[in-house]
Every structure is written in C-alpha cells, then in structure tokens.
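Novice: Here's the letter readout for the chains.
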Amino acid sequence: MLPTPPKLLAFSVSCGLALALGLAAIVAGSAAAEPGVAMGPGPGPVRAADGHVEITLVSDAREVRAGEPFRVGVRFELSPGWHMYWKNPGQSGMATEIAWSGPAVRVGELEWPHPTRFATDDDYIVTYGYADDVLLTAVATASASGPLRAAVDVLVCEVDCIPASVTLELPVTVSASGQVVAADERVRASFAWSAAAQPVTASAAGLTIVAEIEPKAVAPGDALRVRLHATCAAPPCPAPRGTGAKTALYLERTPSITLMPTGWSARPDGGFTAVLAGSAGPDDPGQDQTLTGVLVLEAAGGADASAGNARAVSFSVPLPRARGADAPVVLAPVGAPTPDAAATIAAPSAPAGPGGLTLGMLGLAFLGGLILNLMPCVLPVLAIKAVSFANLAGETRGRVALHGAAYAGGILAALGVLAALVLILRAAGTQVGWGFQFQEPLFGALVGGLLVALAMNAFGVFHLSFPGTRAAAAVGAQSGLVRSAGEGVLTVILATPCSAPFLGTALGFALASRAPIVLLMFAALGLGLAAPLVLLSLAPGVRRLLPHPGAWMIGLERALGFALLGAALWVAWVVGRAAGTDAMAQTLGFWLALAVVVALWGAARRAGRTGRARILLIAGAAALALLGTRALDFSEPAAAPGAAVASGGILWQPYDEARIAAELEAGRPVFVDFTADWCITCKANERLVIDTDAVRAALQERRVATFRADFTRRNEAIRLALARQGKAGVPMYLVYSPARPDAPDVLPELLTSARLIEAIDDASPVTMNQRSSP
Amino acid sequence: MIQNRLARYSLVAVLGAGLLTLVAVQSAHSAEAKKDVAAPATSAVVGKPAPDFTLVDEGGKKHSLAQYKGKLVVLEWTNPTCPFVVRHYKAETMKKLAAKLGVEVVWLAVNSTHFNKPEDSQKWAKANGLAYPTLQDPAGTVGKLYGARTTPHMFVVDAKGVLRYAGAIDNDTMGREAAPTNYVEGAAGALKAGKDPSPASTEPYGCSVKYKKS
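In order, the protein sequence lines correspond to chains A and B.
With this note's numbering applied, the first sequence has no gaps in its numbers, which climb one by one up to 774 at the end.
With this note's numbering applied, the second sequence has no gaps in its numbers, which climb one by one up to 214 at the end.
Derived by calculation from the structure, the hints in this document are not laboratory data.
Hints may be right or wrong, so weigh each one.
[Claimed, not checked] A short list of chain B residues far from chain A (calculated; beta carbon distances all over 12 Å):
| # | residue |
| --- | --- |
| 1 | Gly59 |
| 2 | Gly60 |
| 3 | Lys61 |
| 4 | Gly102 |
| 5 | Ala131 |
[Unchecked claim] DSSO-like cross-link-like pairs, simulated, lysine-lysine; straight-line CA separation at most 30 Å:
| # | chain 1 | residue 1 | chain 2 | residue 2 |
| --- | --- | --- | --- | --- |
| 6 | A | Lys87 | B | Lys213 |
| 7 | B | Lys62 | B | Lys160 |
| 8 | B | Lys213 | A | Lys246 |
Glycine residues also receive a C-beta, built at the ideal position from the N, C-alpha and C atoms.
Could you put the whole structure together from the sequences, leaning on the hints where they help?
Specialist: Right, here's the structure in full:
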C-alpha cells in the first residue's frame, strides 16, 4: 500500500505517535463531553489474528456539526510480510468487510485506496490487497452525539491465513457550539494520505479512456479481451505501473467474468493501451454487465516514479451480453466513458492505429525478419549469398564487412521502397495488403525473369555486371558490392509472400499506422532479415571455417542455378493462378527471350572487343529483348473466378458476405479460409490442416458452410475483411457462429486441426447442450 | 581502410542495438506470453469432460475419477490448517451434505497442501468422523489440473464424467448467514433431477491452496 519501505517506516512511526496522541485526545475529549455514555469496546488499537494486525477506528474530526459530512476510517497495521484484501480479493482470500452501526450516525460506502498485487512464486494464485498499513475510510454524518460501532471482518495472510473479527466503538460528538473541531493534524494527514491513494475518475486525471471489447458482445464460455485505450490532452500521459501480467490493473468482481491484465503498450499519441484477457464463465448473467476497476498510473516521464506520484484511476466499461436464440440481437459495441467511444472502436485499424508503436512491435518486426531467413522463399537467395561469402574467404575482414553492409543496405533500401510504395498507394486511396505485388502478373514476370537471369549466370552462360561498374573495376571489386546489395533486394522481394505468419500482426499494425511508423517497422524488419548473414560475415571464426575458393564452387553455383529455376517455376505458377494460363505462357515466353538475350550478351562479351560477331550478337539480343517485353502485355485480365470449387472433399464457395450472412441466418456455422496462391503458409495449412479427415468430418457433422476468400488477385472486399480483423495479408481463418454473427473466432495463422475443430464445435448453434454430453 | 572499419563498426552498432532491443522487448513479451499460456493450462472447464486422475487416499487406496463414472462425484479441495475449512468442519457443512446426498454421490476430498502427510489426513478424518476419503495430492498436480485455488474449492462431476459445477461451497464467505445457499447441494440436486446446475460456477473463497513451490 505504502510506497517504499523507508517512507513507510517514517510514516508508520509518525502516524503511530500521532494516532496515539490524537486518540487519547478524542477519548479524553468525548469522555469529558458525554460522561453518561457507556463505553463499548473502545476504538482500539486492538491486536487480532495472533497479533499480526492492529486495528483502530478513527475519525478526522473530534467534534462535528450535525448533518455535515466528516470521515471515519478503520486503520489496519499489519506485521511485515502479512497482507489483507481489497474488495475483490482475487483468486483466493476474502474481501475485508466493515459493518457500521450507530444510533445517530450514518456511514456511506467504504472508500478503498487502490490495492497492490500479491502472488504465489509461480504467479499461480494472484490476489489483491494491502500490506503494512492501510486506512479504509467512509463519509459519515451524525445527527446527534452517540457511539459509532464498526464490526470488522478481515482475513490476514502471509502464507497461512488468519481471520479476525473485531468490533470497535468510537464516540462521535456533535459540537455544542456548532464549531467543527478537527482531529489532530497528523490524524488528518493519514486521512489525506488515504484519500490520495483513492482512485479518481479518468477525466480528473486528465485522461480519456476508451474501451474496446472483443468480442463485441459476450456469451457464456466466450474468450474475452478488453483493451483500454487511454489518451490525454497534454502528452506524455502517465503510464500504468508495472508491466505484463503485473500491470497495476485491478478489476472488481463481475459475475461469471474472469479477466486478468496481460500488459500494456505505449501509443504513438503519447497515451497507452492496457489489455485484459480472460473468459466468460458457463452461467449467463441474464443481463448486460459492467466491468469496473482501478488502474494505477505513474507520473509521466517515469523518472520520479515513487508512489507519491502514483495516481489511481477508476474506470467502468459496459459489457453487453450476447443474446441467445430467444432474441437474436447482438448489442452494438458501447465504449466507456465518452460518448464518442463507439466511433473510436468501430475503426480499430484506422490509419491512426489502435495501439502505439512500441519497442515490442519493432522487436517483433526484427524477430520476424530473423525468422524470414528460414523460409523456403528466401533460402535460394541465401544460398547465393553464402557462395558470395565463400568467394570472400580470401578478403580482408574490412572488405567482408563492407559486403555485409551492402547486403544489409540492399535489404533496407528494398524494404524502404516497398514501404514508400505502400504509403504512396495508400495516400492515393488504393489500399493494399501485404504480398500485394504478387497480385500483378507483370511483377511476377519480372521477378521470375530475374531468377532466370541469375540461374543463367550460375550456369556460366554470362557474367552479371551492373551498369556503371566497369569504370569502378579498377578500384577494386566494387561490382561485388553492388551485387551484394542486389542480393539484399532480391531477398526482400522473395521474402514477402512468406512473411505473413510472423509479421501479420506487426505489419497489419504498421500498414495502418502513420508514415514514420511504417518506415520504422520496415527498417526493423530489414535489420532482422539482414542480421544473420551479416553477423556471420563479421565473425572471424566462421569465416575461417569457409573452404577456400576453388573448383567446387562452380559445381555449387550450377546446383544453385537449378534451385533458382525451381523458384521461377513457383512464380510462374503464381502468375498463372493470378492471371490465367495465357499470362503464364506469356511470362514463360518472356523468360525464354530473356535467357536467350543474356546468353547472346555473354557470347558477345566473349567475342572480344572488336569484330562484327559482337555487333551482331548485341543487335540480336536487343531485338529479342524488345520482342520479349511485348510478351509482358497483360492488359486482358482473365475472367474472374465465381464458381464454387471442391477441394479435398470440401465444397468451397467463393467469398461473398451476403451469402455468409444468409448461411448464418439459416443457423449454419461458417468457416472462411482467406488464402492466396502465392501464400505458401496458406497452401501448407490447406494441405496439412484443413484438407484432413478430422476437419472434413467436423465440417460435415456440424453442417458448416465453407467459403474461400482468394486473395491471389486484388479484391477489395477481401482486403476490407482482412483489415476489419486488423490484418494486412493472408492467411486468415474465421469461424462464425450463428449465435454471434458479428464476432467471428479468429484462428491463429499457424493453424492446427485441433484448434480448427474446437472453433467449429464452439460455433455450432447447440453448443451449451451438446457440450454437456461427452 | 578507415572507411571499411567505419562501416564495420557502424554495422555492429546497429545490429547490436537491434538485438538488444529484441532481447529487452522479448523478455517483457515472454512474461506476457507466459501468462497467456498459463491461463488455459487448467483443463477443467465447466461443460467439458472433467480431466481424469488417479490418486491414493490417506489409507493408501487408489481412486480414479473414471472408476466412478455413472455416479455424481463431488471433489472438495481441503486443507485442515485453513481457518475457512476449519469453520466449515466445525459446522459440519461437508459431512452433513455428503450424508444428505447419499450413496449414489461419491464425495472425494482432495488435499493439495504440499506439507500434508497421509497421517495428518487420517487424524483429521478420525477427529471429524469423516465417511469419505481424502485424496493425497502433495505435488499439486491434480489441484492445478482442476485449477483449484482456494480451500474449500468445490467441483461437481456428473454421471457422464462432465464437469458441471466449479466454485464456492456456499454464498457465506464470512460464516455469518443463518441459512446459506449451498451451491454444491444445488448443483447435485439439479443434476439428479436432470437439470442444468445454476449457477454452474461461482467465485470460490478461502485460503489459497498451499501448493508446492514449482
């Protein structure tokens, strides 16, 4: 309860003295004023619970005016290491209770200072309460002099718990002269201190708190997430005390709802978003509920984060109940406490971004980048890179580092371009999803062409040299540096379709954020992507392990050439799926032309500096190149697919929101697979998770309507559906229950059959009854 | 050369900073993630099959949940050193209810207190004249399987093995009510009558279960 041990000690000692003096004065005063009143148990202090708590009844006034409010309180001084409980004791324990009585005194609701968190070593049992010293207060009014009695029930625990039940009595004196006689200065100070630890409303603390509830209406058994978005007029706002599960966020008990804090993050606007997660119990409370709680904040800046600067803010969030079959109306989301809350909630992926840019988000992007190195899309490029590094075995460390820098630079530049493209397209009003570039056949053709050219290079058909590098050849292997950078660029291009499962959240966030944040996120991603190879190149030990360059490298390079052709094959298939067989044939034609062009080019280089042969070869190459580009006219898009397809024994209907609504209306659960042919994760999930006997059986048994949202080509409806869930790209898996048509279950991108079947079971209309039988 | 060195150092600095950020952020996040994982670790969910277990009682006899299929089973988390348990045993809340529910209901007390010995349970059973066994779970495995957090913490399993009630024994946290509503009695009564227990879950109250430190 109290801030820091030294402060506490000083406070305890001074308050102890003050109270002793003050109480002596009160007792003496009242005894003198009302000699006839029979003294009851007395105001304490009373030792209870084997001496582990000392309980005292106090008042902030020695004499009060009739009918005017004053404050009374019960003070608990606990042995070191012992604690008692808040109004919600948490997962065990017992709320402290005080029952007031007195013939002429009326006492209001108990005022609770904000609690602190107590937990077992493994955090298995979490409780809320007070240690050391706490004063629970209440406002009182007296119509006449008379005794005030407080029956106190308190459970004090260290490891073992001891309940205490004591009754204290304090005479309340109504001033004969009509003058209020305040309690001793130090007694009032303890009341003031208790008042300072009481939660205030958010607006009193200068904060606006808006709640976002997921799902928007809660049914029994639902998993539940509540986000509290806090903003303030003058950032930086105060931030919550604690992090993660230890975030100082305390909920009062709500029937059948279990929620625990999972952490908080800063918002770009200087505020923060705190998150609570949990579930609704099996009982239907039968009415809408309200989540009420307290959030403890540290003063802005955090440098002076002593508890003296802490501020507790109370909040109250309406929690609508999902209506069952009796009234198939799901209440609209309601935010608290401002009227404009609903608008804020309705657009969680608005460009302002729902959450803040945190180190966490950047860290995730960096981690995502690291993991991308292991993806099948990127591996061929990494192989090339590895060969380049092997080539450098003889070079100085400085040169190797320079190559590393060039590689990282290439990655960052490519991601920068990609980010800029995203921003420009967004500014132009075209919303794009991650991996969007593969929706354009031209892009596929060009990337594949690059792969083919690189393969030709690997086969030794020609030697890659970039324009303008010949002049630099004298200076050293500058062309090698350009090549390193180029490899970085290629890595990025090939990595994008693999990135969704790791970057889905981070990129969904980034794409919905402001421009600098988008750029920062992409930079973090790039650093992660570049890190392993660059670090490898910098580690002297690793470099020594690399074999010396030799004939073996040519063999390896050839082998890599085939790997590159394999990657090109995949791109061809993507183009084919996105734009039809004609486009695929055009693309292949372009690649063939390109291959021949580079072969001619290589031959021209070999033919020497002079001679007609060279001119002829170059002319031929140019002509063919011109012809090849004509193959890239994809102006006639293939017919849009609209028919249902059966795959793996599942009948997939094309994505259609009206049809989905109709199926839900008819009482059928709906499963939507958001996929794209260029998304390898999607394909893997479809193969290994969705098209399995168990899932098929579950889909059939529960009569689930299945829809496939194919994002292979650009599709505004699908992009919007992704954005609604805060996602920028595929895969995404949604299971809709007819009981909650507005709150689909969003399944993880790395899908498992068990999770999918569970979601299907949960979405089935007769859940409650069916679940009760084994 | 200077240029090279510069490039190298700046690279190391940038990547180092990136990695540090990552470590810092992930450590914060992992705590969060752990919490997310820890929450559903309990496999006992009202409305779903109750997780099976086998434990020995204070006399060394084995009991498994599966062997009682076909009967209602009441699980009572207990700890004779907890004042809440002591209060209920003085009032004979559990003993009387177990007797009232009769032979077709199996009552199993479970003690997940890490320092509890079978002899302690024997003494307790003798002193209180208990007709039901106290299962010995000093490792806390079954306690955590059910998510038992307090003593007492009650669970009611129906004849099909489905968990139908979890929570407090009654609505009398302080032990002051003249006629408290006993939730376990209500749940068992509803199940016997072929109805759904209501409430099917309440907030348990009492001491925390004194689990072995993990």
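Novice: Does the structure keep Lys87 (chain A) and Lys213 (chain B) at a Cα separation of 30 Å or less?
Specialist: Judged against 30 Å, a Cα distance of about 27 Å means the pair holds.
Novice: Decide, holds or violated, for the assertion that all CB atoms of chain A are farther than 12 Å from the CB of Ala131 (chain B).
Specialist: 28 Å, holds
Novice: Please verify whether Lys62 (chain B) and Lys160 (chain B) have alpha carbons no more than 30 Å apart.
Specialist: Roughly 21 Å separates the two Cα atoms, so the pair holds.
Novice: Quick one: work out the minimum CB distance from Lys61 (chain B) to chain A and report holds if it exceeds 12 Å, violated otherwise.
Specialist: 26 Å, holds
Novice: Beyond 12 Å from every Cβ of chain A: is that where the Cβ of Gly59 (chain B) lies?
Specialist: 27 Å, holds
Novice: Is the Cβ of Gly102 (chain B) more than 12 Å away from each Cβ in chain A?
Specialist: Non-interface label on Gly102 (chain B) holds, nearest chain A Cβ at 23 Å vs cutoff 12 Å.
Novice: Does Lys246 (chain A) sit within 30 Å of Lys213 (chain B), going by the straight-line distance between their CA atoms?
Specialist: Holds: Lys213 (chain B) and Lys246 (chain A) sit about 19 Å apart, inside 30 Å.
Novice: Minimum Cβ separation between Gly60 (chain B) and chain A greater than 12 Å?
Specialist: Non-interface label stands for Gly60 (chain B): nearest chain A Cβ at 28 Å, farther than 12 Å.
Hint violations for this structure: none, all hints satisfied.
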